[in-house]
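Peer 1: Starting from the known structure of chain A, fit chain B with the ligands onto it as the hints suggest.
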Amino acid sequence: MITAEQKPIQEIRDMISPYKKILVLGCNSCVAECAAGGEKETAMLASALRMAAKMNEEDVLIEEKAIERQCVKDFVILLDDIIDQYDAVLSLGCGAGVQAVGDMFYEVPVIPALNTEFLGETKEQGLWLENCLGCGDCMLYYFGGICPLARCSKQLLNGPCGGSMEGRCEVDPDMPCAWQMIIDRLSRFGALERLEQVYPPKDWSKKQGVGPRRIQREDQQR
Amino acid sequence: MSRLRKVLDSGEFAVTAECGPPKGADPDAVLRKAELLKDKVDSINVTDNQTAIVRMSSLAACSLLKSAGLDPVLQMVVRDRNRIALQSDILGASAIGIRNVLCLSGDHQVFGNQPQSIGVFDLDSIQFLQVVKGMRDEAVILGGERLETPPDLFIGAAANPFADPLSFRVVRLAKKAAAGADFIQTQCIYNLERFGTWLKMARDRGLTEKVYILGGVTPLKSAGMAKYMKNRVAGMDVPDEVVKRMEGVPEGKQREEGIRICVETIQALKEMPGVKGVHIMAIEWEEAVGEIVDQAGLLPRPTLE
Ligand code: SF4
Ligand code: SF4
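Protein sequences, first through last, are from chains A and B.
Heads up: the first sequence begins at 901 in our numbering, then just goes up one per residue.
Heads up: the second sequence begins at 20 in our numbering, then just goes up one per residue.
Next comes chain A alone, as it looks inside the complex (with noise of 0.2 Å):
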């Protein structure tokens, strides 16, 4: 999944100081999942705002609903009934999210509550870990299912570099060394020698070679 954290509050209370009518926008796939842009805490961040404004005793607006998915298309259209009552849009959705709701509403400025972070697991209650980068290309295969891209440093394909020490990262003594991750689960398969091979340079045109990129699946086309 994506995963997202809230602004500070201050920078989003600057973002919004220009418009009267907001709706804060949630969005319950992904960022409910890491807790950032669910249902639950469209609610705390909308009360928060309200509360802001009253204290500061400024005239707004603000009122709150969470959709299933703000990147698909199908229910971003379900706003179509009410987005006429609001000047702004303040977005708990992935950066995806926020672009698809601006895309459909164009006259609407659609803001980020949310910084965009990673494509990762939920390892355990309160903790998410970026495991892909989306490369486009993957090699999880020849890695023992671990991914040196994401997970390295320094994106090493013929790792572990000099710094891995007692199985930690040179960079983060809290993270574990992707490279020793990967040895370890190879030669509990005991496919270690599939490493003595130099892994060759990375096609990197697969991620950013022609710009964006796109998917476009005729079969899915209607």
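Source of the hints: derived by calculation from the structure; they are not laboratory data.
Please note: incorrect hints may appear among the correct ones.
Stated by the list, open to error - For lysine-lysine, the following DSBU-like pairs were computed, each having C-alpha atoms within a straight-line distance of at most 30 Å:
1) Lys920/A <-> Lys954/A
2) Lys1106/A <-> Lys152/B
3) Lys57/B <-> Lys240/B
4) Lys152/B <-> Lys1107/A
5) Lys25/B <-> Lys229/B
6) Lys921/A <-> Lys940/A
What the hints assert, rightly or not - With the C-beta cut set under 10 Å, the calculated list includes, among others, these residues of chain A facing chain B:
7) Ser1053
8) Leu1057
9) Gly1062
10) Trp1079
11) Ile1083
12) Gln1097
The C-beta atom is built at its ideal place from N, Cα and C for all residues, glycine as well.
Peer 2: Here is chain B with the ligands on its own, set in the frame of chain A:
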């Protein structure tokens, strides 16, 4: 031709030192260090924005050393340049007469004075070695396009015998040798026992016949530095005995003791089969190099045709 290569090929025990370029644009700062190291060592490594701190470019500082009659080793890290820039700098380095390159990953940008920069890491150090070798030996760049004139470079890499996992350290050395390393400079050696274990593993795989291994040494300036390196520098192995030995002498004498330890380490390295030279990294203490080389009985440096 690379002086370093000539010395190693002739079977002499090679001596290299390190020179960090200044945090400024003054060429004399480089030339002053060159003066200190001249005739004391065979070649001088010039670091590439080491610890991710912005300094004069390694390529420019190498060019200054070259003009002062020294044999520079151009360090290049993959942290700051993508494959286009790296290959281009390889060609440029060879064109201005630089004959040695050391291919490194580089310290992570978060440790330096530009923590907000992006880390490039388009190639890793092993892939970079392979690219440089391809450019030199086959006159091709990545992707297979031909070069009119290939670069003429003696290719080096780093190895850390002290990092984990030990068993894989030698696999990585083998990969570096296969990728194209002609010589290897190791992480600073304070733990000779562990170094010996690693070296034996390398010998058993026949790697000491494939690459010239230069043992890395750094003279300690103080007990404080020993402790700092032990506890704070990733990938560094400073045994307690070494810290204690430094602590055991009064502060005014610690530099001498540091030099003594360094000289003893070099003497031990000279006796180890498979070690073909030393690389002295006297961090911002280039003055010490001459003394160390002298005391270790490595002067005068050989004169070669
Ligand atoms: S190899 Fe690419 S697609 Fe696979 S996990 Fe890593 S970044 Fe994601
Ligand atoms: S310590 Fe491990 S995870 Fe960290 S940069 Fe080095 S190889 Fe990568």
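Peer 1: Next, verify each hint and record whether it holds.
Peer 2: Results for each hint:
1. Of the pairs offered as hints, the one joining Lys920/A and Lys954/A holds, with about 13 Å between alpha carbons and a cut-off of 30 Å not exceeded.
2. Between Lys1106/A and Lys152/B the CA atoms are separated by roughly 26 Å; this keeps the pair inside 30 Å, and the hint holds.
3. Taken as a hint, the Lys57/B and Lys240/B pair is honoured in the structure, with Cα atoms around 22 Å apart against an allowance of 30 Å.
4. Our distance criterion of 30 Å between C-alpha atoms is met by Lys152/B and Lys1107/A, whose separation comes to about 27 Å.
5. For a cut-off of 30 Å, the pair hint linking Lys25/B to Lys229/B stands: about 16 Å separates their Cα positions.
6. Under the criterion of a C-alpha separation no larger than 30 Å, the hint pairing Lys921/A with Lys940/A is consistent with the structure, at around 21 Å.
7. Residue-level restraint check for Ser1053/A holds (minimum Cβ-Cβ distance to chain B is 6 Å; threshold 10 Å).
8. The criterion of a C-beta within 10 Å of any C-beta in chain B is met by Leu1057/A, whose closest approach is roughly 6 Å, and the hint holds.
9. For Gly1062/A, the suggested interface contact is upheld, since its CB lies about 3 Å from the closest CB of chain B, less than 10 Å.
10. Annotation: Trp1079/A was flagged as interfacial toward chain B, and the flag holds, the nearest CB pair being 8 Å apart, inside 10 Å.
11. Because the beta carbon of Ile1083/A sits about 6 Å from the nearest beta carbon in chain B, less than 10 Å, this interface hint is met.
12. Taking 10 Å as the C-beta cut-off, the interface hint given for Gln1097/A holds, the closest approach to chain B being about 8 Å.
Violation of the numbered hints given earlier is absent; every hint is satisfied by the structure.
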